[in-house]
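With the sequences and hints as input, model every part of the structure.
Quick note, the sequences are listed as chains C and S, same order. For any residue, its number in the working numbering is found by taking its place in the first sequence, counting from 1, and adding 50. For any residue, its number in the working numbering is found by taking its place in the second sequence, counting from 1, and adding 50.
To be clear, the hints were calculated from the coordinates, so they are not data collected in a lab. Not one of these hints is a red herring.
Capping the alpha-carbon separation at 27 Å, the derived lysine-lysine pairs in DSSO-like fashion look like this: (1) LYS367(S) x LYS367(C); (2) LYS367(C) x LYS366(S); (3) LYS399(S) x LYS340(C).
Remember, predicted model here, so these are calculated numbers, not experimental data.
The lines below spell out each chain.
2 protein chains.
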Amino acid sequence: MQQQTRLPVAAVIMAGGKGERFWPKSRVQCPKQFLALTGDGETMLQKTFRRIRSIVPPEKIYVVTNGEYMTLVQEQLPEVPTENLLREPAARNTAPCIALAAAVIRKRLGDAVMLVLPADHLVRHTSLCTDVLCRAASAAEETGALITIGITPSYPETGYGYIAFSRADDAPAGVYRADSFREKPDAETARAYVESGSYLWNSGMFAWKASTYLDALKTHLPAAADIADTLSEACDTPDFSAVLAEQFPKMPSISVDFGILEKAERIYTIPGTFGWDDVGSWPALRRVAKTDTNGNYRDGDILTVGTANCVFSGGKKLIAAVGLHEIIVVDTDDALLVCDMDAAQNIKKITEMLREQGRGELL
Amino acid sequence: MQQQTRLPVAAVIMAGGKGERFWPKSRVQCPKQFLALTGDGETMLQKTFRRIRSIVPPEKIYVVTNGEYMTLVQEQLPEVPTENLLREPAARNTAPCIALAAAVIRKRLGDAVMLVLPADHLVRHTSLCTDVLCRAASAAEETGALITIGITPSYPETGYGYIAFSRADDAPAGVYRADSFREKPDAETARAYVESGSYLWNSGMFAWKASTYLDALKTHLPAAADIADTLSEACDTPDFSAVLAEQFPKMPSISVDFGILEKAERIYTIPGTFGWDDVGSWPALRRVAKTDTNGNYRDGDILTVGTANCVFSGGKKLIAAVGLHEIIVVDTDDALLVCDMDAAQNIKKITEMLREQGRGELL
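Okay, structure coming up:
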């Protein structure tokens with residue numbers, strides 16, 4: 051029998067990432083979460099917001115980002131109240147990002163359950179996803195533990211982190227113990243993980259009470275916890291901006307996975323299967339977006355002859371492809387990328403070269 | 051002992067071609083001969099002119115082209131007198147093109163030897179080429195025959211026509227009998243041709259007296275010969291433009307190879323080896339132009355990672371290539387081509403699609 055679920059109280063969208071894997075479409079000035087990569091005109095951030103809005107009202111949706119992207123967030127998410135846009139004065143990875151949100155939420159909403167969501171992942175089956183998130187919120191309330199959303203893996207992806215899980219007799223139905231977190235594995239290890247049946251993909255989506263997270267912070271990153279207390283105190287006072295600007299950069303730069311989850315003792319995971327994809331690179335678009343009958347992802351004015359399993363992302367200009375297989379073509383006003391599908395991880399070598407050459411305008 | 055050679059009297063550059071094999075750089079408005087494809091800023095037409103100018107003075111160099119390209123020719127070859135720019139009122143292939151030039155030359159220069167040269171081929175060793183052309187002019191004068199320049203083949207190219215040749219006891223030293231002309235062969239036939247040692251590539255360069263050509267025309271394309279006579283008569287009279295506009299389109303549209311050479315009885319060939327290439331398609335640029343240490347032809351602002359044996363032709367915009375092998379990338383303001391090296395013959399399918407779609411502005 052399905053357990054009773056209740057709506058989460060708040061949602062936190064993490065939108066401060068600067069990933070370069072979608073270069074040259076993504077730029078330092080406009081990274082992946084602000085791009086409409088799937089060709090339907092809606093950005094990843096907007097998709098994330100729309101998804102969560104069905105279970106959390108806009109006035110309880112928070113977005114954490116850095117100053118540079120504040121305008122983009124406001125343009126793309128006009129429904130989110132300005133005071134819910136939290137500005138990171140410096141990039142400090144996800145553990146401090148979530149600490150800032152938890153500090154503000156605790157001050158405003160008390161010990162609310164917060165859902166934590168990356169801004170740049172895709173979900174095919176929205177309602178399956180929100181059902182899992184609601185169950186995660188209930189479990190977070192009920193158990194007072196850190197809850198992660200795991201994804202039942204459909205193939206041995208080497209680009210994701212994995213969660214080893216096992217049955218937990220002390221947990222609500224459908225909730226499992228997260229035994230350990232594993233970084234991106236090599237191909238052989240990934241295959242073994244998937245075959246074993248006891249690993250999930252780490253989706254980067256979490257549910258916990260603000261106090262649960264802040265307590266975990268106190269145990270594992272005590273310096274960050276002190277700063278979070280200071281921020282919570284200053285929140286909604288005239289001093290907040292100044293305190294934030296002074297204190298936040300003192301947080302250690304560390305991910306929530308590495309700083310908290312890999313160390314904490316009592317973590318649960320709820321496995322979900324709702325067409326989740328982190329869309330980590332250009333090749334992923336073929337998995338998550340519509341393709342033509344030859345398996346080509348096409349965004350733009352594209353003509354193909356004898357071309358299959360490619361990714362085309364252009365603009366108004368014609369892209370003509372002849373005899374191509376597994377090639378990525380991304381055309382922008384000032385830079386064109388042509389890349390073999392298997393070499394996509396080397397796109398960063400191009401951005402490194404541009405940085406070395408002092409050509410920051412192309413980054 | 052080297053025979054005595056004398057300078058040819060006139061040269062005719064055929065510059066009316068509309069080839070689409072260098073799309074999207076080449077356009078109906080600006081085909082291959084007007085492009086600086088080898089990255090040194092000099093167009094194919096300018097290279098052809100510079101080559102021949104060392105043995106023929108500019109006032110005896112003629113350029114045959116169509117009305118659309120007249121301005122381009124004047125811009126690129128300011129040294130050629132305007133009256134030597136011959137306008138084809140309609141595209142009628144090479145036999146009528148040469149007939150027009152022969153008619154004008156006979157009127158102006160009497161029965162002069164004329165060298166006939168395509169505007170869009172490359173020659174690496176200019177002086178070796180001009181030496182052969184001078185010997186061809188002498189042979190044309192001496193024998194009163196049609197002389198073709200054959201190229202000693204260096205590999206079994208399937209994109210060229212071939213000339214079967216044999217020793218000719220009645221010809222000057224170094225001059226051979228052209229026994230037959232063969233269209234572009236398949237790979238197996240090309241291999242057999244090259245291995246046999248008795249075939250040359252047909253370079254499309256010729257030498258003959260104006261009267262020799264016009265006589266051959268009379269025998270094999272008599273209707274065209276009559277028109278040539280009419281044109282010769284009208285040349286340098288006020289009526290010439292009108293007569294040309296009326297008569298020239300009545301010529302049969304046929305190549306000199308098919309209309310004359312494959313039928314004529316007495317044809318000689320002079321074999322040459324001077325780094326000739328017809329640069330018939332994008333892949334050919336790797337043969338004829340400088341490449342980087344990974345065999346990539348680079349024209350533009352190109353960054354490569356793990357990329358070999360490619361052709362890059364861009365403009366000011368950055369082209370970043372990652373993990374590519376044998377890929378052609380051609381970027382222009384309104385069209386981008388990405389093509390597998392082995393599929394270059396299918397670029398015309400793109401231009402056909404554009405034509406069907408009524409997108410002539412991209413052709």
